Amino acid sequence: MEADYKVKLEVFEGPLDLLLYLIKKEEVDIYEIPIERITNQYLEYLSLMQLLNLEVAGEFLVMAATLMYIKSRLLLPEDQQVTDTEQEEGEDPRWEVIRQLVEYKKFKEAALQLAQREAEQSRLFPRSVGEVTGAEREVPLAEVSIFDLINAFNTVLKKAQEKEIFREIVEERFTVSDKIEEILFILRDRAELLFSEVFEKASSRAEVVVTFLALLELIRLKRLRVQQPEAFGEIHVIKVA
Amino acid sequence: MTIELKHILEALLFSAERPLTTKEMRTILAEATDDENPGVAESFRHTREAAIAAALEELKVELDTAQRSFQLVEIAGGWRLVSRPEFAAWLTKLLDEARPHRLSPPALETLSIIALRQPISRADIAAIRGVEVDGVIKTLLERDLITITGKSDAPGRPMLYGTTQKFLEHFGLRSLDDMPKAAELRLQAAALKTAEDKVAGAAGESPENSNEGSAPETAPSN
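Those protein sequence lines, which keep their order, are chains R and F. Residue numbers for the first sequence, in this note's numbering: 1 to 241. Residue numbers for the second sequence, in this note's numbering: 242 to 463.
Just chain R, with the same shape it has in the complex:
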């Protein structure tokens, strides 16, 4: 990857957000987490985030360690498991994470309703000018979570890898700045693109990564915004007027 253009994108979402995202995506019950599958996916997302140089909080690694610990415990036959003196005998090691997820999910739902109230409130103006209720009329740019974007990125990346198998090796150099120009050029006389279209011409893994970074940067700069009309569906990239 080119070092000329470092994208500094802080991930404000935490490991619990990622877990909830994966659980929802896999359509599994929170209380019956298939630990092996979820752990593998979690690690896959984590490595993608690192590949993209996103600022990943240390908590993500702590959670990865916890998941792997749980997975290893579940792999052992019960009579060979080390008895943790702190834990109650026979307690499912997933329980602590599940309890945390369930509680956190409730707060997330409360936050969602609060956002709804904020939106309603932003249409009511009190006598005093702009001081109180307030919320900008501007449409929020991140209608899609970072994990949705990484998920879409992963799909494109896998496609690019398939293509790569029978390809001549040519040295190619892509820079994020070039890709930014390119995306803006495509959007010169179009208002909207599909996420997958942005990557249509990308032929290598490196190019996909750089293109994705360019996209993230454009979102951060508020030149583009992304929308996902359907949960886990195709992401739309829209030009900000």
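Just so you know, the hints here were simulated from the structure itself, not pulled from any lab data. Nothing here was measured: the structure is a model prediction, and the numbers come from that model. There could be a bad hint or two in this list.
What the hints assert, rightly or not - When the alpha-carbon atoms are kept at most 25 Å apart in a straight line, the in silico SDA-like pairs for lysine to any residue are as follows:
#1 R/K106 x F/A424
#2 F/K422 x R/R99
#3 F/K422 x R/I98
#4 F/K422 x R/E109
#5 R/K108 x F/E383
#6 R/K108 x F/A424
#7 F/K379 x R/I219
#8 R/K24 x F/A368
#9 R/K108 x F/A367
#10 F/K379 x R/E118
#11 R/K105 x F/E425
#12 R/K25 x F/P346
#13 R/K106 x F/K422
#14 R/K108 x F/S416
#15 R/K105 x F/D419
#16 R/K239 x F/R343
#17 R/K239 x F/K334
#18 R/K105 x F/G403
#19 F/K379 x R/E109
#20 R/K24 x F/L426
#21 R/K108 x F/K407
#22 R/K106 x F/E425
#23 F/K422 x R/E120
#24 R/K222 x F/S345
#25 R/K105 x F/S362
#26 R/K106 x F/E373
Stated by the list, open to error - With beta-carbon atoms standing in for the labels, derived distance ranges:
#27 F/A395 x R/Q161: 49 to 55 Å
#28 F/K379 x R/E32: 36 to 42 Å
#29 R/E27 x F/P396: 40 to 46 Å
#30 R/Q161 x F/E327: 50 to 56 Å
#31 F/E425 x R/L43: 31 to 37 Å
#32 R/K24 x F/E425: 19 to 25 Å
#33 R/E44 x F/D305: 51 to 57 Å
#34 F/L382 x R/Q161: 45 to 51 Å
#35 F/G376 x R/K24: 22 to 28 Å
#36 F/A395 x R/E26: 35 to 41 Å
#37 F/T333 x R/E96: 42 to 48 Å
To be verified - Looking from chain F toward chain R, a few residues come up when the C-beta cut is under 10 Å (computed):
#38 L254
#39 R259
#40 A329
All residues carry an ideal CB built from backbone N, CA and C; glycine is no exception.
Add chain F to chain R, keeping to what the hints say.
Relative to the frame of chain R, chain F by itself:
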């Protein structure tokens, strides 16, 4: 013109720059004088809060039925006049620049946790969210949506945070009971505590208590 209580209140609310409580309105009524119209202000001196509340409800209905461009709402423990949502397009144009940004999902989550679990320390918020909250806390403090309410007795004596009056106003909440999921998430904290107390109590002795516990397999059959 005969002066009615509800119209005095309407005038107060029209001119006020913040929500007014019925108590504040009662104090104003009790202290106002008017030399031009002797006796009028005095006749409202002993108005009770209940009468004020009733007059406000009446005024609210009156504004609604007359289809005025503004309405009376209960917010942050008080009352205030606000425009109706149908007029947002034009008012936005008029007042756009003064309006603060909408909050990000992490900020809203942190705010929900603080609102429902206050007073709460950064460490306890981080434990629920599973990620550090320092940056978010700073933003919320700057926006005056939360405030430091004290210090915990826990090791290191960490600061405790709570929500402000402005928080209620920002979201159009009458009080914290109005918070989404208030019953469930605030009660849960209380229930958790009683459950802990029960466990502590059951560990002592008293077998009668055990069937109240959360573990069904330990409940005696009769």
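Note to self: To test your reading of the hints: which numbers does this structure violate?
What the structure shows: Failing hints: none at all.
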